[in-house]
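When you line the sequence shown up against the UniProt record's numbering, it's residues 1 to 354, in that order.
Misleading hints may appear alongside valid ones.
Unchecked claim - Derived DSS-like pairs: lysine-lysine, alpha-carbon spacing no greater than 30 Å straight-line:
| # | residue 1 | residue 2 |
| --- | --- | --- |
| 1 | 85 | 22 |
| 2 | 176 | 142 |
| 3 | 83 | 143 |
| 4 | 176 | 85 |
| 5 | 143 | 53 |
| 6 | 81 | 58 |
| 7 | 143 | 85 |
| 8 | 58 | 85 |
| 9 | 48 | 142 |
| 10 | 32 | 58 |
| 11 | 22 | 83 |
| 12 | 143 | 176 |
| 13 | 176 | 260 |
| 14 | 48 | 32 |
| 15 | 83 | 32 |
| 16 | 88 | 58 |
| 17 | 48 | 22 |
| 18 | 143 | 81 |
| 19 | 22 | 58 |
Said to hold, decoys possible - Here are the in silico distance ranges between beta carbons for each label pair:
| # | residue 1 | residue 2 | range |
| --- | --- | --- | --- |
| 20 | 134 | 266 | 23 to 33 Å |
| 21 | 32 | 265 | 50 to 60 Å |
| 22 | 256 | 90 | 39 to 49 Å |
| 23 | 291 | 263 | 25 to 35 Å |
| 24 | 183 | 66 | 26 to 36 Å |
| 25 | 230 | 33 | 25 to 35 Å |
| 26 | 91 | 321 | 32 to 42 Å |
| 27 | 263 | 172 | 18 to 28 Å |
| 28 | 265 | 116 | 25 to 35 Å |
| 29 | 17 | 256 | 24 to 34 Å |
| 30 | 64 | 341 | 27 to 37 Å |
| 31 | 329 | 32 | 36 to 46 Å |
Simulated from the structure, these hints should not be mistaken for lab results.
We put the CB at the ideal spot given by N, CA and C, even for glycine.
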Amino acid sequence: MRYLLWIVLIFLLAIRFVYFYKTQRSYPNGTKVRITDRISSEPIRYEKSQYLKLHGLKIYLPLYPEITYGDRVVIEGLVEKDKLKEAKLVSVSENENYLYLFRENIINFYHESLPQPHSALVAGTVVGSKSDIQQEFWESLKKSGTAHVVVASGMNVSLVAGFLISILAGIVNRKKALIFSLIGVWVYAIFAGFDAPIIRAAIMGSIAFSAQELGRLGSSFRALLISAAAMLLINPGWISDLGFILSFAATLSLILFESKVRRYVRFMPSLIKEGFSTSFAAQILIAPILFFTFGQFNILSPFINALVLWTIPYITIIGMIGGVAGLIVPPVGKLILYLTYPLTSWFTAVIQLF
Numbered sequence: 001m002r003y004l005l006w007i008v009l010i011f012l013l014a015i016r017f018v019y020f021y022k023t024q025r026s027y028p029n030g031t032k033v034r035i036t037d038r039i040s041s042e043p044i045r046y047e048k049s050q051y052l053k054l055h056g057l058k059i060y061l062p063l064y065p066e067i068t069y070g071d072r073v074v075i076e077g078l079v080e081k082d083k084l085k086e087a088k089l090v091s092v093s094e095n096e097n098y099l100y101l102f103r104e105n106i107i108n109f110y111h112e113s114l115p116q117p118h119s120a121l122v123a124g125t126v127v128g129s130k131s132d133i134q135q136e137f138w139e140s141l142k143k144s145g146t147a148h149v150v151v152a153s154g155m156n157v158s159l160v161a162g163f164l165i166s167i168l169a170g171i172v173n174r175k176k177a178l179i180f181s182l183i184g185v186w187v188y189a190i191f192a193g194f195d196a197p198i199i200r201a202a203i204m205g206s207i208a209f210s211a212q213e214l215g216r217l218g219s220s221f222r223a224l225l226i227s228a229a230a231m232l233l234i235n236p237g238w239i240s241d242l243g244f245i246l247s248f249a250a251t252l253s254l255i256l257f258e259s260k261v262r263r264y265v266r267f268m269p270s271l272i273k274e275g276f277s278t279s280f281a282a283q284i285l286i287a288p289i290l291f292f293t294f295g296q297f298n299i300l301s302p303f304i305n306a307l308v309l310w311t312i313p314y315i316t317i318i319g320m321i322g323g324v325a326g327l328i329v330p331p332v333g334k335l336i337l338y339l340t341y342p343l344t345s346w347f348t349a350v351i352q353l354f
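Full structure from sequences and hints, please.
The structure is reproduced here in structure tokens:
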């Protein structure tokens, strides 16, 4: 019976993929197109331009007027392979829902409270914002193989979940630790804008970690596969989405390797040990993906990641608390955010060194 269910699932995926790619919209080279769509992920802003991807096309627009997650845009341009050349922003309708405004206020508070690149790093890890990243800092992230910290927040969901479970398991029993960790994951998802990549990662992580804590390794692996398959049934295009790939790889890597890594780092101080074991285990599978994705191979990247990724869960959790406190009592929020400064200073110093 179990094998029959897997066969049915594979059959359904095959049908869904065939239908999806047969009906996929394609644009011949040289075609002038007009794209109307809602921005589903935060654009990347450079000194003189902003970058986004819509309908499979890479689009570069002037820096102003700024567009952001949730905006509805109309863009015109000429198709050239996978790019939209001579792109022109015809119109933009700002997103005014409550979650968007809440997220934007927190991002603004980070930038008011911390200098660059520290504010950009906190905003990237906590809410997945890629806005206002300085070009020099962005190049350092890519060169060191750590750009995924602010590019694919789906992986950060897995890091936060694994970290919370590891920390809380030493305070309460495993089931309570799991419950509190899942609450933390979904709070993080709300902070990060509740956009598609974050929701995918939160669902995938929730199912997989629940199966891991309540069952065996095999059941958590099956749960991860089933949750990934269910998402691909919804949208087969996610199979090539970096956020989906990294969140799947990071979750799988944590399931397979985190407990083994932790046994080898017992000598470390507890403050560092949990974050290090979680981040190092996650990068075992994501490092090769990042090497190919960003087109830069740094043989020291696994070592660099091991040095800096342990800070990400701490930056995320402190940043969340400080952001909310800052919206209520700004001086208190700033004091809390200052606690991230040694962590972000370490992170930036390491990646700039390499």
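Each hint tested on the structure:
1. 85 to 22: Holds. Residue 85 to residue 22 sits at ~26 Å (cutoff 30 Å).
2. 176 to 142: violated (38 Å)
3. 83 to 143: Within the cut-off at roughly 24 Å; holds.
4. 176 to 85: Violated. Residue 176 to residue 85 sits at ~53 Å, over the 30 Å cutoff.
5. 143 to 53: Given that 30 Å is the threshold and the Cα spacing comes to 22 Å, the pair holds.
6. 81 to 58: Cα-Cα ~10 Å, so holds.
7. 143 to 85: holds (27 Å)
8. 58 to 85: Status holds; Cα separation ~9 Å.
9. 48 to 142: holds (19 Å)
10. 32 to 58: holds (15 Å)
11. 22 to 83: At roughly 21 Å apart (the allowed maximum being 30 Å), residue 83 and residue 22 satisfy the hint.
12. 143 to 176: violated (40 Å)
13. 176 to 260: OK: residue 176 and residue 260 at ~23 Å, within 30 Å.
14. 48 to 32: holds (24 Å)
15. 83 to 32: It holds: about 12 Å lies between the C-alpha atoms, which stays within 30 Å.
16. 88 to 58: Given that 30 Å is the threshold and the Cα spacing comes to 13 Å, the pair holds.
17. 48 to 22: violated (38 Å)
18. 143 to 81: holds (26 Å)
19. 22 to 58: holds (22 Å)
20. 134 to 266: 23 to 33 Å: Roughly 39 Å apart at Cβ, these two residues miss the hinted range, so it is violated.
21. 32 to 265: 50 to 60 Å: holds (57 Å)
22. 256 to 90: 39 to 49 Å: holds (48 Å)
23. 291 to 263: 25 to 35 Å: Once the Cβ atoms are compared, 27 Å apart, the range 25 to 35 Å for residue 263 and residue 291 holds.
24. 183 to 66: 26 to 36 Å: Check passed, 33 Å falls within 26 to 36 Å.
25. 230 to 33: 25 to 35 Å: holds (32 Å)
26. 91 to 321: 32 to 42 Å: holds (38 Å)
27. 263 to 172: 18 to 28 Å: holds (22 Å)
28. 265 to 116: 25 to 35 Å: Given a distance of about 33 Å, which is inside 25 to 35 Å, the answer is holds.
29. 17 to 256: 24 to 34 Å: Once the Cβ atoms are compared, 26 Å apart, the range 24 to 34 Å for residue 256 and residue 17 holds.
30. 64 to 341: 27 to 37 Å: Since the Cβ atoms of residue 64 and residue 341 sit about 30 Å apart, the hinted range of 27 to 37 Å holds.
31. 329 to 32: 36 to 46 Å: For residue 32 against residue 329, whose Cβ atoms are near 52 Å apart, the range 36 to 46 Å is violated.
Violated hints, in rising order: 2, 4, 12, 17, 20 and 31; the structure is consistent with all others.
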